[in-house]
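J.: From first to last, the protein sequence lines stand for chains A and B. Residues in the first sequence are numbered from 1 upward in steps of one, following the working numbering. Residues in the second sequence are numbered from 326 upward in steps of one, following the working numbering.
One should not assume that every hint holds.
Said to hold, decoys possible - Partial pick of chain B residues on the chain A-facing surface, computed with a CB cut under 10 Å:
{"#": "1", "residue": "R338"}
{"#": "2", "residue": "S451"}
{"#": "3", "residue": "R506"}
{"#": "4", "residue": "G572"}
{"#": "5", "residue": "F593"}
Unchecked claim - To spell it out: a stretch of chain B is covered by chain A in this simulated footprint if at least three of its residues, at any positions, have a beta carbon under 8 Å from a beta carbon of chain A; those stretches are:
{"#": "6", "stretch": "416-429"}
{"#": "7", "stretch": "619-633"}
What the hints assert, rightly or not - Here are some, though not all, of the chain A residues that point toward chain B, as calculated from beta-carbon distances under 10 Å:
{"#": "8", "residue": "R13"}
{"#": "9", "residue": "P23"}
{"#": "10", "residue": "T43"}
{"#": "11", "residue": "H93"}
{"#": "12", "residue": "I96"}
{"#": "13", "residue": "F100"}
{"#": "14", "residue": "W120"}
{"#": "15", "residue": "L127"}
{"#": "16", "residue": "R129"}
{"#": "17", "residue": "L136"}
{"#": "18", "residue": "I266"}
{"#": "19", "residue": "Y277"}
{"#": "20", "residue": "L312"}
Keep in mind that the hints were calculated from the coordinates and are not lab data. All C-beta atoms, glycine included, are put in the ideal place defined by N, C-alpha and C.
There are 2 protein chains.
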Amino acid sequence: MKVAIAGYGNLGRGVEAAVTNAPDMELVGIFTRRDPKSVRVATDTPVLAWDDMPTYADKVDVVVLCGGSATDLPVQTPELAARFCVVDSFDTHANIPTHFANVDAAARAAGTIGVISCGWDPGLFSLARLYASAALPQGADYTFWGRGVSQGHSDAIRRIPGVADARQYTVPVPEAVEAARSGSNPELTTRQKHTRECFVVAEEGADLAAIEQAIVTMPNYFSDYDTTVTFISQEELDANHAGLPHGGTVIRSGRTGLNNEFGDTIEFSLNLDSNPYFTGSVLASVARAAYRMHERGEVGARTMFDIPPALLSPLSAEELRAHLM
Amino acid sequence: MKVAIAGYGNLGRGVEAAVTNAPDMELVGIFTRRDPKSVRVATDTPVLAWDDMPTYADKVDVVVLCGGSATDLPVQTPELAARFCVVDSFDTHANIPTHFANVDAAARAAGTIGVISCGWDPGLFSLARLYASAALPQGADYTFWGRGVSQGHSDAIRRIPGVADARQYTVPVPEAVEAARSGSNPELTTRQKHTRECFVVAEEGADLAAIEQAIVTMPNYFSDYDTTVTFISQEELDANHAGLPHGGTVIRSGRTGLNNEFGDTIEFSLNLDSNPYFTGSVLASVARAAYRMHERGEVGARTMFDIPPALLSPLSAEELRAHLM
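The shape of chain A in the complex, shown without the other chains (with noise of 0.2 Å):
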C-alpha cells in the first residue's frame, strides 16, 4: 500500500521511520507547506509542495497526518479525507466528537476512510479503557502520564519572558498509582496524581523569581499541580533533556461476582524511549487498517474503537490465529 505523510515535524519523522520499515508499505512522499527544497527528511523519500497533493489522488492509498490538534488537524483532516483516506492524531479529547462529524461528512461524501485520533492516548490508552471497562463494568479508571516529557507543557514555559529554553517532565505521584492499584477506589485530584518538573534555560539577566512565578501560577498548565522549577544551563538541557520520552499507565480496578465479591486490576502501560516514534508507529499500522477497511468497501470517520484489531497486522488473520492467539 502506498502512503504519504503530510506534515513534517518530530511526529511526521516518526511515520517516516515507521512506514519505512513496514515491508507492506511504501512511502511514496512527503508533503510538506513549507518550500519543499527547504526540508531535509531522513530518508531518500520525495519531498512534495502541499498544494500539488491533487495529482497525487490515484498515487497514494493512505495519507497519515502529522499537523498539530489546536489549528492543523481540525482543518486538514476533513479537507484532505476528501480526496484520500486519511489518518490522524488529533488529540483535543474535548473536541473528538465535533472532530469525528466533521472528518465522517468529507469522508462519506467523498468514499473515503478517516481514522482519528490515534497514538496512545488517545489511542492504545482509549483502547485499553474501553477493553476493560467491558471486561470489568462495576469499577473505575485511572490514566496516569509519565515520567514523560510534555511537549505542550514545554512551549508554555518557553513563552513566558526571559526564557530561553525549557523541557517539563509529568511524573506521576507513587502514591497514588499505588492507591488507584489496590482495589479501594480512590478519588484522586488534579494535584495527587501527577507532578510537574521543569527544567528552565533563563535569558542573561532575567528575573529568576518571576520566571518561577509565571510558571507555578499558570492556570490549566501549572496551577492545579505541585510544580517545580529548575534553572539549568543550555548546555545541561542540551546534553540530559534532548530526548522525548514519555509513556503512563492505564489501571481499572473492578468487581466481578454476583454480589460484587471479587476485586481485579487491568494494567496496560507505556515506557517508550521516543513519543513521536512510538506515535508513529501506531499511526503506520492504523494506516494499514484504512487501507483495508476501504478496500473492504467501508467509508467515513472511525476511530482505533472501530477498528476490528487484526486489520492493524501485517500478519494474515490465519497467521494470528495460529501464533498470536
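Given the coordinates of chain A, assemble chain B onto it according to the supplied hints.
T.: The following block gives chain B in isolation, referenced to the frame of chain A:
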C-alpha cells in the same frame, strides 16, 4: 438481548453473574446435560435440559458455552452454532485453527456468528500481543502467567494415587519478568520463566516421597519446571487455598526509529481474585458483540481479533468517543 448458558461449572457461574448484572442483557436459561432438577444455580434463572435446546431457537439470541476445551467445546460449539449465535472460551491454543474452521462452517451454513477462544488467554492477552506487535513490529513478546491457580495442573496432581486433594500455583519468576521488561530481548526457557508450587493433601498412609516424585517428574505438566511440593491437611487447603485467583502479564519489548534507535516496552497485566468470574465477565461482553455483529448481518466464526472493540461495550459509539477516547 437474550442470553443462555450451556454448561454450569465455575465458568458457568461466572457468566451467570456477569449477564445477571448487565443491564442490557437477560439471562433466559442455563442448559445442563445433568438432570435439571439436580442443578442448583445462584440466581432464579430456569435450569433447562440440554436436549430441549432446539425449542429455544427463537427465544435466545446468544448462547455462551461453558464446557471444557478437551472434549466438550470441539463438539458442542459447532453443534450449537448450527442453531444459535455462540461464544466459547476454547483454550487449546494449538487447536484453535481447526476449531475455528469447524465453527466457521457450521455458522456460515446456519447464518449465525460463533466467537471462539474468548476470555483472557486466549482473549485479552491475545489482544495485548496483537496490539503490541502491531505498534512495535521490531520486538519480542513475553507472556507470564500467575501467581495463580492452574485447574488443569491441580487436576493432574489429584489423579496421582494417594492424593486426596491438591492445588497448584503457577508463579512467574521475578528475574525473568525483569529481564523481559529490560529491553534486552532475552531468550527465556520454560524453566526460567515460571515455577510451580503444589499444595497436596495425601490420603492416610500414602507414600509421600512417591507422590512428590510422581509430581515433579510428570511430563508436560511439571518436569520442565522447578516444582515444589508441600503436604498440608485438608483443613489447611480448604482454609487457605479455596479461591481461584489468577492473572499474569504480557510484555512486548521493541524498538522504533529508522535504525531502531529507541527502545519501548508495552505491558498488559491482570490481577484477578477469581479467574472464572473474570473470564465469565469477558464472555458476557463478547456475547454483546456477537449479538451486534449478527444484527449487522454478519455470519461465520470470529475471534476477539475480529471484533471492533466498541461492540463489547454497553455504551454507544458516541458515548465511547466522548468519554473513553
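J.: Against the structure shown, which of the earlier numbered hints fail to hold, in ascending order?
T.: none
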